[in-house]
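Student: So you can see what is in the structure, the chains are spelled out below.
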Amino acid sequence: MIEDIEQLISSAVTEVFSTMLNLKVRLDASCNAMVNGEGHVAGSVGFIGRVSGVVFLYSTNSFARRMTSSLLGLTDLEIEGDEMVNDAMGELSNMVVGHIKSRLSDRGMPCVLTIPSIVRGNHFTIEPVSSTERRIFFFNCDGRQLVVEVLLKGT
Amino acid sequence: MKPKILTVDDSKTIRLIVSKAFKSFDCEVHEASNGVEGLAVASREQPDIIILDLTMPIMDGAEMLSKLKSNPDLKAIPVIMLTAEAGRENVLRIAKMGVRDYLIKPFKEELVVERVGRIIDLKPKSESTVRTRRFDDAINVLVVDDKPAIQDQIRVGLSDTPWTTHGRSQTGEAVDYCSQQLPDIILVSLSLPDGGGFSLFQMLRASNKTKAVPVFGLSVKTALEEQARAQQAGFSSIITKPIDFEDLKVKIARALHLDMSYKYFEQKDGVLVLRLPANFTPNVSNEVGNNLRSKVSEAVDSGLGKMVLDLSQVRTADISVIKLGLSALQLCQELSLKHCVIGSDAVSTECKNYEESKDWDFVGSFEEALAVLRGGSAVTA
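Going down the list, the sequences are from chains A and B. Just so we're aligned, residue 1 is where the first sequence starts under this note's numbering, counting upward by one. Just so we're aligned, residue 1 is where the second sequence starts under this note's numbering, counting upward by one.
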């Protein structure tokens with residue numbers, strides 16, 4: 001469907017994280033799904049066009065807070081509840097998917113984006129329907145883990 | 001009047017980032033979370049510029065822009081469009097909408113400041129607020145020198161102040177530092193490799209964020225050529241090595257318009273005390289001289305009618321001390337202030353050697369001065 005999806009995701013995440021968070025990230029195939037028992041935050045943005053899909057960015061609560069703190073230049077104590085973290089995760093997801101959308105658009109595959117949404121929880125799984133291609137990418141961010149999951153469906 | 005910036009974005013995160021980017025500038029940032037709110041705030045505040053997100057619920061950026069352009073009161077407000085979509089078609093579409101500029105997310109804060117600074121005149125907050133800062137306030141000093149010994153020397157040399165020094169060895173590190181924090185003053189070695197000190201200076205001056213931060217060049221005393229080059233380039237001052245830290249502190253205080261007068265003037269027990277320090281340098285003389293009239297007037301204005309010239313710490317009463325003392329006592333006469341001089345026997349004897357001060361009557365302590373002043377016998381100047 002999108003042959004170089006790994007490259008697309010990697011460059012989008014790398015650019016967004018280095019520009020907005022001053023954080024070096026790298027794809028790390030050795031990582032596994034996060035099962036440390038800590039709650040997770042997932043930001044998701046969908047895109048609809050010749051190729052449609054949803055991109056999820058998720059991390060542990062603590063890493064999401066750290067990203068929010070870095071994005072907004074605030075200390076952990078200054079982050080007011082979950083709402084600020086949700087908004088920050090939503091915006092980071094939006095930027096990553098916006099980057100992907102731009103590349104697809106330049107290849108003649110225009111699409112529109114959905115507004116970001118957030119899922120929080122301790123034990124949740126994302127299960128695609130059978131006609132959907134599912135790809136999972138693990139990123140190492142200075143020893144912390146970020147997972148990007150992509151569900152793709154052609155028209 | 002402060003310029004007004006309106007950020008219209010459904011993401012609170014982006015609005016916070018934009019607000020933060022302009023925190024160090026003398027401007028107002030207003031926020032709105034969609035096009036409808038954006039139009040209302042624009043009508044009310046008449047901003048000088050709008051940073052407008054393209055994709056928003058309720059009313060998106062494109063619709064808000066078209067409504068702005070059809071409103072005679074708002075159509076002249078320049079708009080910078082913000083979008084997460086950088087595709088060619090999208091960029092062309094934005095360009096056709098009549099925006100002044102556009103920014104693609106992700107973006108660095110400095111980029112927003114730079115783009116906005118191209119359209120409106122941004123002045124750093126420091127220009128309007130530093131005059132109220134005091135010498136003993138926290139000051140952030142960035143030292144850019146590839147020799148750790150110099151960084152350390154400056155840190156130790158300024159350790160008797162509440163100022164914080166941050167050392168960086170390379171220009172890239174200094175630029176990174178400035179992108180995270182705004183130093184109050186930057187000391188740059190002029191001998192960094194490949195003219196790094198000069199290229200860093202150009203970068204600092206080209207950035208809206210740092211263009212008003214004073215930059216001092218650090219140079220070996222004998223390197224006259226690089227010092228001349230630095231002066232020509234517009235460095236705020238040159239500090240020669242080995243560094244005279246008293247001189248450096250005074251230069252920093254002047255560059256930042258720090259109030260040092262509190263070190264010499266004090267209101268105590270209903271009396272204005274002018275206390276000259278042991279190390280009475282020409283810089284101290286200037287500092288006291290420059291503040292003398294305003295401080296005495298301020299004291300009179302607040303109801304004080306007495307002044308003490310305290311020379312008890314002065315090591316030797318040379319002509320510069322005498323001149324300053326004379327100015328102070330003449331001002332007291334002019335404003336009908338009772339006054340008194342404190343000093344040791346040695347200083348008193350030295351003063352008697354000068355025509356201008358031969359009639360000054362000295363007392364030995366502040367308590368004695370209070371007794372004299374309260375007794376009503378003013379000392380003649």
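Treat the hints with care, since some could be wrong.
Subject to a maximum C-alpha distance of 30 Å in a straight line, what follows is the list of computed DSS-like cross-link-like pairs (lysine-lysine) [stated by the list, open to error]:
hint, chain 1, residue 1, chain 2, residue 2
1, B, K23, B, K241
2, A, K24, B, K23
3, A, K24, B, K96
4, B, K241, B, K268
5, B, K12, A, K24
6, B, K249, B, K211
7, B, K263, B, K241
8, B, K20, A, K24
9, B, K108, B, K69
10, B, K69, B, K123
11, B, K221, A, K24
12, B, K147, B, K241
13, B, K108, B, K123
14, B, K249, A, K24
15, B, K268, B, K221
Derived from the structure by calculation, the hints contain no laboratory data.
Student: Could you work out which earlier hints the structure fails to respect and list their numbers in ascending sequence?
Tutor: Violated hints: 1, 3, 4, 11, 14 and 15; rest satisfied.
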